[in-house]
Amino acid sequence: MLQALFGGMMGLSLLYGLIVGRGEQVASAMLEGAEEAVRAAFAMAGAFAFFCGMTAILRRAGAIQALGKRLSPLLSRLLGPELPSDALEPVLLNLSANLLGLGNAATPMGVEAARRMGGNSDRASNALCLFLVINSSSVQLLPTTVIALRAAEGSVSPASIALPALAATAISTLVGVLACKLMEARSWG
Amino acid sequence: MGLILPLFLLLCLGAGVLRRVPVYDVFLEGAKEGLRTAWRILPALVAMLCAIRAFSACGLLDALCGLLAPAAALARLPRETLPLMLLRPISGSASLAMLKSILHTYGPDSRAGLVASVMMGSSETVFYTCGVYLAAAGVKKSRHTIPCALLAWLAGSIAAGWLVAG
Numbered sequence: 169m170l171q172a173l174f175g176g177m178m179g180l181s182l183l184y185g186l187i188v189g190r191g192e193q194v195a196s197a198m199l200e201g202a203e204e205a206v207r208a209a210f211a212m213a214g215a216f217a218f219f220c221g222m223t224a225i226l227r228r229a230g231a232i233q234a235l236g237k238r239l240s241p242l243l244s245r246l247l248g249p250e251l252p253s254d255a256l257e258p259v260l261l262n263l264s265a266n267l268l269g270l271g272n273a274a275t276p277m278g279v280e281a282a283r284r285m286g287g288n289s290d291r292a293s294n295a296l297c298l299f300l301v302i303n304s305s306s307v308q309l310l311p312t313t314v315i316a317l318r319a320a321e322g323s324v325s326p327a328s329i330a331l332p333a334l335a336a337t338a339i340s341t342l343v344g345v346l347a348c349k350l351m352e353a354r355s356w357g
Numbered sequence: 457m458g459l460i461l462p463l464f465l466l467l468c469l470g471a472g473v474l475r476r477v478p479v480y481d482v483f484l485e486g487a488k489e490g491l492r493t494a495w496r497i498l499p500a501l502v503a504m505l506c507a508i509r510a511f512s513a514c515g516l517l518d519a520l521c522g523l524l525a526p527a528a529a530l531a532r533l534p535r536e537t538l539p540l541m542l543l544r545p546i547s548g549s550a551s552l553a554m555l556k557s558i559l560h561t562y563g564p565d566s567r568a569g570l571v572a573s574v575m576m577g578s579s580e581t582v583f584y585t586c587g588v589y590l591a592a593a594g595v596k597k598s599r600h601t602i603p604c605a606l607l608a609w610l611a612g613s614i615a616a617g618w619l620v621a622g
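Those protein sequence lines, which keep their order, are chains A and B. Numbering follows this note's numbering, with no gaps: position 76 of the first sequence is 244. Numbering follows this note's numbering, with no gaps: position 135 of the second sequence is 591.
With the rest of the complex left out, here is chain A:
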């Protein structure tokens, strides 16, 4: 997918640029892009380090486990009886880590949860489908990467998008969950 995206965009741009006589501009734009990426990564690095440092404290204080305990009743009801009992813990830890923006901690737990939910079947269970949809709709409380990028671009209020972003991610998760519940009724595939 990424090969096609990168190759397609670069190739199309060069071809189209040459046809309309902007080949030179396209080539220099690529170089500008490369330079800009390095500048952006450096500008963001400080905020990245800062947020990761602060959330590391939260993580060490046991916030993932504490949040997981609170989410437990809601999730065991949502995922239903199909959820293998040994999968509940990694699911809780994965979602709690995601909520706190600890992507690096969330992924291994998510992989473990998915492995236990997969079982021996080659067909995804309702619980697995729902878990994947929740994970891919993003449940982060504070979008720290976006805030870091906004700060690097000189926003007067980088965190001003926190509340609308939380509302938008809540809406997307809710729609995903509802859609899953509707589809479960008509068991597909």
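Hints should not be assumed to be uniformly reliable.
Computed from the model, here is a short list of chain A residues facing chain B with C-beta under 8 Å [to be verified]:
{"hint": "1", "residue": "Ala213"}
{"hint": "2", "residue": "Leu247"}
{"hint": "3", "residue": "Ala330"}
In case anyone wonders, no lab produced these hints; they're calculated from the structure. Glycine is no exception: its CB is placed at the ideal position from the N, C-alpha and C atoms.
Since chain A is already given, all that's left is putting chain B on it; use the hints.
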């Protein structure tokens, strides 16, 4: 609204102090990991910003935005944000590069910049996330997973337009 960030930081610090975490040492550990992340995403960011800059310099991005304008108007989305919306479920680094480009061109506090920021935070890289976890589960029939995840992405993106005044 501006209180969310300071309150979140206070929560981090408060929880740490209360649980007797060595806050300075742990902060340093986390910061090191953050710097490593910035370093790790750099090559992909270079690739994707090159592609996006080229795509916009040759005029194809404008053409695409123009093509999508009617759909954008319908959803109250600034047309400049639609390419980001389309990239969001496909690639994390491409959408980050596109967000950067939008913030740079139109300003982080313009309506397009705000909608793009909210859009970026409202969804994950659907295909990547589902791909990794489906592979981990060893499942071939993913049933309604992808359609439902894409519906969630669509809802989040449209919500971004409605949630940012303008």
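Results of checking the hints against the structure:
With a cut of 8 Å, the hint placing Ala213/A at the interface with chain B holds, because the nearest CB-to-CB distance is about 4 Å. Checking Leu247/A against chain B by beta carbon gives a least distance of about 14 Å; that is not within 8 Å, so the hint is violated. The interface hint given for Ala330/A is met, as the beta carbon of that residue sits about 4 Å from the closest beta carbon of chain B, less than 8 Å.
In this structure, the one hint that does not hold is number 2.
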